[in-house]
Amino acid sequence: MNLAPNLGTAEPGTPATTSLVSAVNLAKQFHGRKVLDGVDFDVAAGEVSVIIGKSGSGKSTLLRVIAGLEDPEEGDVTIDGVLVRSGGARTADWNHGAAKVGMVFQSYNLWPHMNVLDNLILAPRKILGLSAGEAEARAEKALAEVGMAEHIRSRSTQLSGGERQRVAIARALMMRPQVLLCDEITSALDPPVAAEVLGVLARLKQEEGLAVVLVTHDMAFASKAADRVIFFSNGRIAVDATPDEAFHHCENAELKAFVDAVRID
Amino acid sequence: MSEQDFDWGAVANAWPHLLSGLGVTLQIAAITIVLSMILAVPVAVARMSAIEIVRWVAQLYIEIFRCTPMLVQLFWIYYALPALTGITIPGFASAVIALTANLTAFMAEAYRSGFQAVPVEQIEAGKMLRLSRFQQLRHIIVPQALRQQIPVILSLNISMFKDTALVSTIAVHDLMFQANTAATETYRSLEFFTTAAAVYFCIAFPVSLLTSYFERRGQLARTGRAPIIKPRKPELTGVKP
Numbered sequence: 001m002n003l004a005p006n007l008g009t010a011e012p013g014t015p016a017t018t019s020l021v022s023a024v025n026l027a028k029q030f031h032g033r034k035v036l037d038g039v040d041f042d043v044a045a046g047e048v049s050v051i052i053g054k055s056g057s058g059k060s061t062l063l064r065v066i067a068g069l070e071d072p073e074e075g076d077v078t079i080d081g082v083l084v085r086s087g088g089a090r091t092a093d094w095n096h097g098a099a100k101v102g103m104v105f106q107s108y109n110l111w112p113h114m115n116v117l118d119n120l121i122l123a124p125r126k127i128l129g130l131s132a133g134e135a136e137a138r139a140e141k142a143l144a145e146v147g148m149a150e151h152i153r154s155r156s157t158q159l160s161g162g163e164r165q166r167v168a169i170a171r172a173l174m175m176r177p178q179v180l181l182c183d184e185i186t187s188a189l190d191p192p193v194a195a196e197v198l199g200v201l202a203r204l205k206q207e208e209g210l211a212v213v214l215v216t217h218d219m220a221f222a223s224k225a226a227d228r229v230i231f232f233s234n235g236r237i238a239v240d241a242t243p244d245e246a247f248h249h250c251e252n253a254e255l256k257a258f259v260d261a262v263r264i265d
Numbered sequence: 001m002s003e004q005d006f007d008w009g010a011v012a013n014a015w016p017h018l019l020s021g022l023g024v025t026l027q028i029a030a031i032t033i034v035l036s037m038i039l040a041v042p043v044a045v046a047r048m049s050a051i052e053i054v055r056w057v058a059q060l061y062i063e064i065f066r067c068t069p070m071l072v073q074l075f076w077i078y079y080a081l082p083a084l085t086g087i088t089i090p091g092f093a094s095a096v097i098a099l100t101a102n103l104t105a106f107m108a109e110a111y112r113s114g115f116q117a118v119p120v121e122q123i124e125a126g127k128m129l130r131l132s133r134f135q136q137l138r139h140i141i142v143p144q145a146l147r148q149q150i151p152v153i154l155s156l157n158i159s160m161f162k163d164t165a166l167v168s169t170i171a172v173h174d175l176m177f178q179a180n181t182a183a184t185e186t187y188r189s190l191e192f193f194t195t196a197a198a199v200y201f202c203i204a205f206p207v208s209l210l211t212s213y214f215e216r217r218g219q220l221a222r223t224g225r226a227p228i229i230k231p232r233k234p235e236l237t238g239v240k241p
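As given, the protein sequences belong to chains D and F, one line each in that order. Quick note on my numbering: the first sequence kicks off at 1 and runs consecutively. Quick note on my numbering: the second sequence kicks off at 1 and runs consecutively.
Treat the hints with caution; some may be incorrect.
Stated by the list, open to error - Derived list of chain D stretches under chain F, where covered just means 3 residues or more per stretch with a C-beta under 8 angstroms from a C-beta of chain F:
id: 1; region: 62-72
id: 2; region: 119-131
id: 3; region: 240-254
What the hints assert, rightly or not - Only pairs whose alpha carbons sit at most 25 angstroms apart, straight line, appear in this in silico BS3-like list of lysine-lysine:
id: 4; chain 1: D; residue 1: Lys54; chain 2: D; residue 2: Lys256
id: 5; chain 1: D; residue 1: Lys126; chain 2: D; residue 2: Lys141
id: 6; chain 1: D; residue 1: Lys141; chain 2: F; residue 2: Lys127
id: 7; chain 1: D; residue 1: Lys34; chain 2: D; residue 2: Lys205
id: 8; chain 1: D; residue 1: Lys100; chain 2: D; residue 2: Lys126
id: 9; chain 1: D; residue 1: Lys34; chain 2: D; residue 2: Lys54
id: 10; chain 1: D; residue 1: Lys100; chain 2: D; residue 2: Lys205
id: 11; chain 1: D; residue 1: Lys256; chain 2: D; residue 2: Lys34
id: 12; chain 1: F; residue 1: Lys127; chain 2: D; residue 2: Lys205
id: 13; chain 1: D; residue 1: Lys54; chain 2: D; residue 2: Lys141
id: 14; chain 1: F; residue 1: Lys127; chain 2: D; residue 2: Lys126
id: 15; chain 1: D; residue 1: Lys100; chain 2: F; residue 2: Lys127
Claimed, not checked - Under 10 angstroms between C-beta atoms, here's a sample of chain D residues computed to sit facing chain F:
id: 16; residue: Leu83
id: 17; residue: Pro112
id: 18; residue: Ala149
id: 19; residue: Ile152
id: 20; residue: Arg171
id: 21; residue: Ala172
id: 22; residue: Gln178
id: 23; residue: Ser187
id: 24; residue: Leu189
id: 25; residue: Val193
I should point out that these hints are in silico values taken from the structure, not numbers from a laboratory. Because the structure is a prediction, the values reported are computed rather than measured. C-beta atoms are modelled at their ideal positions from N, C-alpha and C, and glycine is treated no differently.
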């Protein structure tokens, strides 16, 4: 178990060779407040990492920086062996990294003016150049993987929250990412529906070898399906451990208090 | 109150001229609406640009056309621009240019309001799927913005259709010009201007009803409730005062 303030990869700038995603010394401020304070973080292929922590501790910002939705002031990011961000700035190889990363959001972000199929096939057709037939076949497979095959012609506005979130996962899978970043994707869902959605992620990891980085407060999922639990505090990784270590043998008082509070909730 | 004997026969006699004028009015309106709906997209995008100078130029254009009278814009393009450039622009073309420039300014503000109403998270979803800025605009932002702004766009188009009557002042033979000419020749102002008003009304009123329908439908879709009718604030909706 690593109780160091930050997860130590190797020396800064030399990511672990087995890592699919490796971030070194990420720093990001919002209005003078450090949200990421020299964070080192890596994800191996086929690994499920659960990030927990209080609101504002920097966990969502870490995901958004890896996804490219926020630019850090400092830090390097390597994806699948290629440096895509150096000293905080995107490198010429940025698109190589972007192609490996998918993201699912708390508020689903399906496009309401399109049906499920159109939501899924827009990017594969425009970006990957798939024909309508190829894209539709891929959409059918992706929807089947998340248990939503029968809703392919539904409008996204006709779906429940859990169904929308599963469609959002399928949409991300359409681009064949190797790592899926999930930002509090179950926090707007009822517990049974949230469990269904998380079950989909566990199955994708098992069957597709997809790496998943999940920001969640669902401790049950974290303890059952996660390979790693990462606890964020004040923009730094305070604990990086297996679920068993993190939840049962951790001596970090802040993590203990956090886990207890979430359990009571 | 003076006694008035109506002579609708004069209107019947001039009807072919009025119809020809209506044709010109509809042509100007159609060309102006189509051009403005297209040109307003880049203006709205420029108005939201991260590049300050681009944003300022777009804003300057919009404010010039929003804050000066339509009639002055029309006269400036028909009379002043040839003096400045030495190129004479025919009345019909001047009318189309002035009305298009004016409507584009208002339409751009309506679009901008619609663009900004599309949740940023939906655009981020597009970014994560590697859609380019143009693809995000084309497939995510513009379709939703247009749907949301349909009532405002229709209102702007009704206003513009009525404003076409101003082109009669630069000798474009539109409906108003023909009505005015016939009224002057026959001394039957009441009949001809009433007829002109009726024709404008018959075209604008169904569009106005359509606007109300889309407003109700939009509100129902958003809230599940019918709208409470309130006077619209022009500065908030982009509708011309």
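Okay, the hints, checked on the actual structure:
1. 62-72: holds (count 3)
2. 119-131: holds (count 4)
3. 240-254: Coverage by chain F is violated here, the residue count being 0 at a Cβ distance below 8 angstroms.
4. D:Lys54 x D:Lys256: holds, 12 angstroms
5. D:Lys126 x D:Lys141: holds, 19 angstroms
6. D:Lys141 x F:Lys127: Since the Cα atoms of Lys141 of chain D and Lys127 of chain F sit roughly 23 angstroms apart, the hinted pair holds (cutoff 25 angstroms).
7. D:Lys34 x D:Lys205: The given pair, whose Cα atoms are some 33 angstroms apart, is violated under the 25 angstroms limit.
8. D:Lys100 x D:Lys126: holds, 17 angstroms
9. D:Lys34 x D:Lys54: Measuring from Cα to Cα gives roughly 15 angstroms; hence the hint holds.
10. D:Lys100 x D:Lys205: holds, 15 angstroms
11. D:Lys256 x D:Lys34: Holds, because 24 angstroms separates the two Cα atoms, which is no more than 25 angstroms.
12. F:Lys127 x D:Lys205: Judged against 25 angstroms, a Cα distance of about 24 angstroms means the pair holds.
13. D:Lys54 x D:Lys141: violated, 37 angstroms
14. F:Lys127 x D:Lys126: The given pair, whose Cα atoms are some 13 angstroms apart, holds under the 25 angstroms limit.
15. D:Lys100 x F:Lys127: holds, 13 angstroms
16. Leu83: Hint on Leu83 of chain D: violated, closest Cβ of chain F at ~19 angstroms, above 10 angstroms.
17. Pro112: Holds - the Cβ of Pro112 of chain D comes within 10 angstroms of chain F, reaching about 7 angstroms at its closest.
18. Ala149: violated, 21 angstroms
19. Ile152: Interface hint status for Ile152 of chain D: violated (18 angstroms vs cutoff 10 angstroms).
20. Arg171: Nearest chain F Cβ about 7 angstroms off; hint holds.
21. Ala172: holds, 7 angstroms
22. Gln178: Nearest chain F Cβ about 14 angstroms off; hint violated.
23. Ser187: Status violated, d = 14 angstroms.
24. Leu189: violated, 16 angstroms
25. Val193: violated, 20 angstroms
Against the hints set out earlier in the document, violations occur for numbers 3, 7, 13, 16, 18, 19, 22, 23, 24, 25.
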